[in-house]
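Colleague: When you get a sec, could you build the whole thing from the sequences and use the hints?
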Amino acid sequence: MRLDRWLVTLGVGSRSQVQKLIRQGAVTVNGLPVTDPSAACDTGAALTLHRQPLDGRLTRHVMLHKPAGLLTAARDKKQPTVMDLLPESYASIGCMPVGRLDKDTTGLLFLTTDGELNHRLLSPTRHVDKTYLAQVDGPLSEKEVAAFAEGLHLSDFDAKPALLEITGPASGRVTVQEGKFHQVKRMFSAVGREVTALHRESFGSLRLDPTLPEGQWRELTDEELRGLYADAQMEAP
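In this text, residue positions in the sequence shown follow our numbering: the first is 11, and each later residue adds one.
No wet-lab data here; the hints were simulated from the structure.
Built from N, CA and C at the ideal position, the CB exists for glycine as well.
Don't take each hint at face value.
To be verified - Distance windows between CB atoms, simulated:
hint : residue 1 : residue 2 : range
1    : Leu222    : Pro149    : 38 to 48 Å
2    : Ile103    : Gly225    : 15 to 25 Å
3    : Asp46     : Glu188    : 51 to 61 Å
4    : Gly178    : Gly41     : 54 to 64 Å
5    : Pro149    : Glu245    : 40 to 50 Å
6    : His129    : Gly79     : 38 to 48 Å
7    : Asp86     : Pro134    : 23 to 33 Å
8    : Ala84     : Ser165    : 22 to 32 Å
9    : Ala50     : Ser212    : 22 to 32 Å
10   : Gly178    : Pro247    : 35 to 45 Å
11   : Gly178    : Arg15     : 17 to 27 Å
12   : Gly202    : Pro247    : 45 to 55 Å
13   : Pro223    : Gly202    : 27 to 37 Å
Unchecked claim - The list that follows gives simulated cross-link-like pairs (lysine-lysine, DSSO-like), each with its CA atoms no further than 27 Å apart:
hint : residue 1 : residue 2
14   : Lys87     : Lys190
15   : Lys190    : Lys170
16   : Lys153    : Lys190
17   : Lys170    : Lys153
18   : Lys88     : Lys113
19   : Lys88     : Lys190
20   : Lys113    : Lys30
21   : Lys113    : Lys195
22   : Lys195    : Lys170
23   : Lys87     : Lys113
Modeller: This is the structure:
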């Protein structure tokens, strides 16, 4: 691949910006300065910019603690998205959210460059658990627990049985295996309760790191990544 194109892919800058940097001698490839933007560059080459190493990995697996107010989307012309919290290079190499959280929902969001992993984790045949902590506008009882366990008829589909644990006077932890639009909120609405706050705690084997502040992100550990590949019934890289 051309060096300038590779640097654009990594999010260093626009085509004209990276060409200027290269011509100025700001870039080295495998320890040698390169001043020709059209020079061939192996994607595994060691790169530096202004003597600082550039991360040239094309694979990313990210845990994000989503705050309220952001869309779960790659881009939007009018509203901020979760991708605005990550370096531009992550979007450039195809790092995408796995599923989506509502704009006002907080908590765990997993993003990856592995399209097959993304697809398999969302497939209804995999039965991947998603666990949420919900605050509602009234008390919960064993009646609601039983209704969730039986499955609920909603306007356009039947929600499969789900686990509801009462965690407080007006809060509960719910685990579902589906991911329909507004599903958890609609399930509570079906039993006469409105969700006032919703926070995702886990997705499959991946749990939100309790030390990760809201609005921050980190790469997954090897153990966390192996767990997600196992959830998807795939061999980990």
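Colleague: Would you mind marking each hint as holding or not holding in the structure?
Modeller: A quick look at each hint next to the structure:
Checked against the hint of 38 to 48 Å, the pair Leu222 and Pro149 fails, with Cβ atoms roughly 31 Å apart. Checking the proposed 15 to 25 Å range against Ile103 and Gly225 shows it holds: the Cβ atoms sit about 22 Å from each other. Remark: the range hint 51 to 61 Å for Asp46 to Glu188 is upheld by a beta-carbon distance near 53 Å. At roughly 59 Å, the beta-carbon separation of Gly178 and Gly41 lies within the given 54 to 64 Å, and the hint holds.
Take Pro149 and Glu245: their Cβ atoms lie about 47 Å apart, and the range 40 to 50 Å holds. For the pair His129 and Gly79, the supplied restraint of 38 to 48 Å is violated, since their beta-carbon distance comes to about 28 Å. In this structure the supplied range 23 to 33 Å holds for Asp86 paired with Pro134, their Cβ-Cβ distance being about 27 Å. With their beta carbons about 29 Å apart, Ala84 and Ser165 fall inside the hinted range of 22 to 32 Å.
Between Ala50 and Ser212 the C-beta distance comes to about 44 Å, which lies outside the given range of 22 to 32 Å. Distance hint check for Gly178 and Pro247: the Cβ-Cβ separation is about 41 Å, which falls inside the suggested range of 35 to 45 Å. Gly178 and Arg15 have their C-beta atoms about 54 Å apart, which leaves the hinted 17 to 27 Å range violated. Against the hinted window of 45 to 55 Å, the Cβ-Cβ separation of Gly202 and Pro247 comes to about 47 Å, which satisfies the hint.
Separation of Pro223 from Gly202 is about 35 Å and conforms to the stated range, judged on CB atoms against 27 to 37 Å. With a C-alpha separation of about 25 Å, the suggested pairing of Lys87 with Lys190 holds against the 27 Å cut-off. Between Lys190 and Lys170 the alpha-carbon distance is near 11 Å, which keeps this suggested pair within the 27 Å criterion. Our distance criterion of 27 Å between C-alpha atoms is met by Lys153 and Lys190, whose separation comes to about 23 Å.
The hinted pair formed by Lys170 and Lys153 meets the criterion: a straight-line CA distance of about 17 Å does not exceed 27 Å. Between Lys88 and Lys113 the alpha-carbon distance is near 13 Å, which keeps this suggested pair within the 27 Å criterion. A distance of roughly 24 Å separates the Cα atoms of Lys88 and Lys190; the hinted pair therefore holds under the 27 Å criterion. Taken as a hint, the Lys113 and Lys30 pair is broken in the structure, with Cα atoms around 39 Å apart against an allowance of 27 Å.
With a CA separation close to 13 Å, the supplied pair Lys113 and Lys195 stays within the 27 Å bound. This hinted pair checks out: Lys195 and Lys170 have alpha carbons roughly 14 Å apart, not beyond 27 Å. Between Lys87 and Lys113 the alpha-carbon distance is near 15 Å, which keeps this suggested pair within the 27 Å criterion.
Consistency note: the structure conflicts with the earlier hints numbered 1, 6, 9, 11, 20.
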